[in-house]
Amino acid sequence: MSISLKNVTYTYMPKTPFEKTAIDTINLEIQRGEFVAIIGHTGSGKSTLVQHLNGILKPTQGTVTVDGVDLHDKKAAAKAARSKVGMVFQYPEHQLFEETIYADIAFGPKNLGLTEDEIDQRVKRAMNFVGLDFDQYAQRSPFQLSGGQMRRVAIAGVIALEPEYLILDEPSAGLDPRGRDEIFQEIVQLYQSSGITVILVSHNMEDVAKMATRLIVMNGGKVSLDGSPLEVFREPEKLKTAGVDVPPVTALLRLLKLRGLPIDDSLLTIDEAVATITTALGERKEC
Amino acid sequence: MGEFIKIENLCHAYASSQDEQVLALDHIDLTITAGEFVAVIGTNGSGKSTLAKHLNALLLPTSGDCLINGLSTTQPENLWKIRQLVGMVFQNPDNQIVATVVEEDVAFGPENLGLPPAQIVERVETALELVGMSDYRLHGPHLLSGGQKQRVAIAGALAMQSQCLVLDEPTAMLDPLGRQEVLQTVKELHASSGMTVVYITHFMEEAAAADRIVVMGAGKVLYSGSPVEVFSQVALLKELGLDVPLAAEIAKRLRENGIDLPENIITDEELAVALCP
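Line by line, the protein sequences give chains A and B. First residue of the first sequence? That's 1 in the working numbering, and the numbers climb one at a time after it. First residue of the second sequence? That's 288 in the working numbering, and the numbers climb one at a time after it.
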């Protein structure tokens, strides 16, 4: 069970002076239950790539299959396969439109033709997942919420469709540090409790390093690195070519090691960094 | 150097959904000197953007006063002059570009001043030069990266010969490279032309580049001081839900572990110097 890309190439505006190949012969397999982060600088092809995962874009060449079904088949199975993949776009709060939060989240499930009871259950579950109290918020207008809360409503609208694969494109952009931490915590909780597959596009290396089980680094329309966070951040040269920063903690540790502090510079969290520096300083005093 | 921005006892109220009066800005007093580079930090909803919009009279005080170079924004006859003095750059680069060619976009402001064409051309060229976008003057703005678009927006303010640049989270939508580009451009402009800069951001390493940081919360100015002063308040910032630069946080934790470190560490480099003399 997986999303699989075989030799996928996508060209924008082919046969015009603006022709641009955004992704180039990509081969990729994302298994059920993975937490994948896709990173890369602007223009590296990451948004084009994720828009292939639920059939929004049709590859110029190659095929995309979800659980073995080609997304661009003409059969009903292709439609069902596409609906297994939920997509939260950048700034998803711009897509809110209903008068109440309840109605906005219920919009998707309603279009699936579910019963009122089932819709009600789904809205409640989705609001619970994103940390919005049902009794307090369900009947309020989504437009009178803070930016972080509006984004939660938009994410709940996608979760209510109960996709098996959830794609989030820069879900923390523009949020303050607390809002960012809360959104990420909720995504991790959702991942751990429901076993949903998460595909996250992000610039925030620190958070990506903490959450994802696998990192895919895009550069020039190709996959330049693919592995666990530790493996990927061990390749500073390739990351630099791809225009991607290592997480700030790793960068700091690397600087300290360069200056002669005997520490492990592959660590990713502040706790680990403080521990290794404290140990190293202790050893230095002894000699 | 005189006071360029003087905010006196300023309140801004709006009506909430339940018809209650909500104070987005609550009795603010703030003075910014000509040539100062001030960063404003605070959580979403703390009043940062509302404050920024008062600086070129996009919003007007409910009570109190906002003086720009001595001109009150409450006097309608001052608006034209104030908007020339203060250039704004917003979060979303796509919301502020009006033309289909970079140089036309930058020329939009000066054209509306009714300047002679030769002078407009000169101003546009100088402005694009200053933000490092001269090579792109004939490009379509929609084909530029986010960082490049923000630099074009900054050039638009420069072409108006604004004396003050107000940037409202100009890097929120950009990738790390774009963020560096924009911050570097602002720093260079401030250093070379002595422009007054008000820079709103959630990124603490950007705020650390300013002369002074103003911390906002619930419509009030909670703290104002140099980056070293502000970022040594690790506990206060955490309580407000803000970040602290990584080096400051690690230094604090190391001090708690009994390691002797100076209080004023906020950059990686300073921490490295302190730990590896």
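Worth double-checking, as some hints may not be accurate.
Said to hold, decoys possible - Covered stretches of chain A, going by a simulated chain B footprint (3 or more residues, C-beta under 8 Å): (1) 27-33; (2) 53-66; (3) 108-122; (4) 239-253; (5) 263-277.
As the list claims (entries may be wrong) - Think about it this way: if two alpha-carbon atoms lie no more than 25 Å apart in a straight line, the pair counts; the simulated SDA-like pairs of lysine to any residue are: (6) A/257 with B/507; (7) B/539 with A/278; (8) A/257 with B/340; (9) B/539 with A/180; (10) B/507 with A/283; (11) B/539 with A/90; (12) A/79 with A/99; (13) B/539 with A/214; (14) A/15 with B/432; (15) B/539 with A/147; (16) A/222 with B/471; (17) A/20 with A/222; (18) B/525 with A/251; (19) B/507 with A/147; (20) A/110 with A/90; (21) B/525 with A/15; (22) B/539 with A/283; (23) A/240 with B/496; (24) B/340 with B/539; (25) B/539 with A/181; (26) A/210 with B/555; (27) A/240 with B/471; (28) B/507 with A/178; (29) A/257 with B/543.
Unchecked claim - Derived, one-sided and incomplete: chain B residues facing chain A with beta-carbon distance under 7 Å: (30) 302; (31) 354; (32) 356; (33) 525; (34) 529; (35) 530; (36) 533; (37) 548; (38) 555; (39) 557.
Hints were generated in silico from the structure; no laboratory data involved. Ideal placement from N, C-alpha and C gives every residue a C-beta, glycine not left out.
Hint check:
| no. | hint | result |
| --- | --- | --- |
| 1 | 27-33 | violated (count 0) |
| 2 | 53-66 | violated (count 0) |
| 3 | 108-122 | violated (count 0) |
| 4 | 239-253 | holds (count 7) |
| 5 | 263-277 | holds (count 4) |
| 6 | A/257 with B/507 | 42 Å, violated |
| 7 | B/539 with A/278 | 12 Å, holds |
| 8 | A/257 with B/340 | 45 Å, violated |
| 9 | B/539 with A/180 | 23 Å, holds |
| 10 | B/507 with A/283 | 47 Å, violated |
| 11 | B/539 with A/90 | 35 Å, violated |
| 12 | A/79 with A/99 | 29 Å, violated |
| 13 | B/539 with A/214 | 32 Å, violated |
| 14 | A/15 with B/432 | 23 Å, holds |
| 15 | B/539 with A/147 | 31 Å, violated |
| 16 | A/222 with B/471 | 29 Å, violated |
| 17 | A/20 with A/222 | 14 Å, holds |
| 18 | B/525 with A/251 | 22 Å, holds |
| 19 | B/507 with A/147 | 20 Å, holds |
| 20 | A/110 with A/90 | 24 Å, holds |
| 21 | B/525 with A/15 | 54 Å, violated |
| 22 | B/539 with A/283 | 20 Å, holds |
| 23 | A/240 with B/496 | 23 Å, holds |
| 24 | B/340 with B/539 | 36 Å, violated |
| 25 | B/539 with A/181 | 21 Å, holds |
| 26 | A/210 with B/555 | 21 Å, holds |
| 27 | A/240 with B/471 | 19 Å, holds |
| 28 | B/507 with A/178 | 19 Å, holds |
| 29 | A/257 with B/543 | 22 Å, holds |
| 30 | 302 | 11 Å, violated |
| 31 | 354 | 29 Å, violated |
| 32 | 356 | 31 Å, violated |
| 33 | 525 | 9 Å, violated |
| 34 | 529 | 6 Å, holds |
| 35 | 530 | 4 Å, holds |
| 36 | 533 | 5 Å, holds |
| 37 | 548 | 10 Å, violated |
| 38 | 555 | 5 Å, holds |
| 39 | 557 | 11 Å, violated |
Hints 1, 2, 3, 6, 8, 10, 11, 12, 13, 15, 16, 21, 24, 30, 31, 32, 33, 37 and 39 from the earlier list are contradicted by this structure; the remaining hints agree with it.
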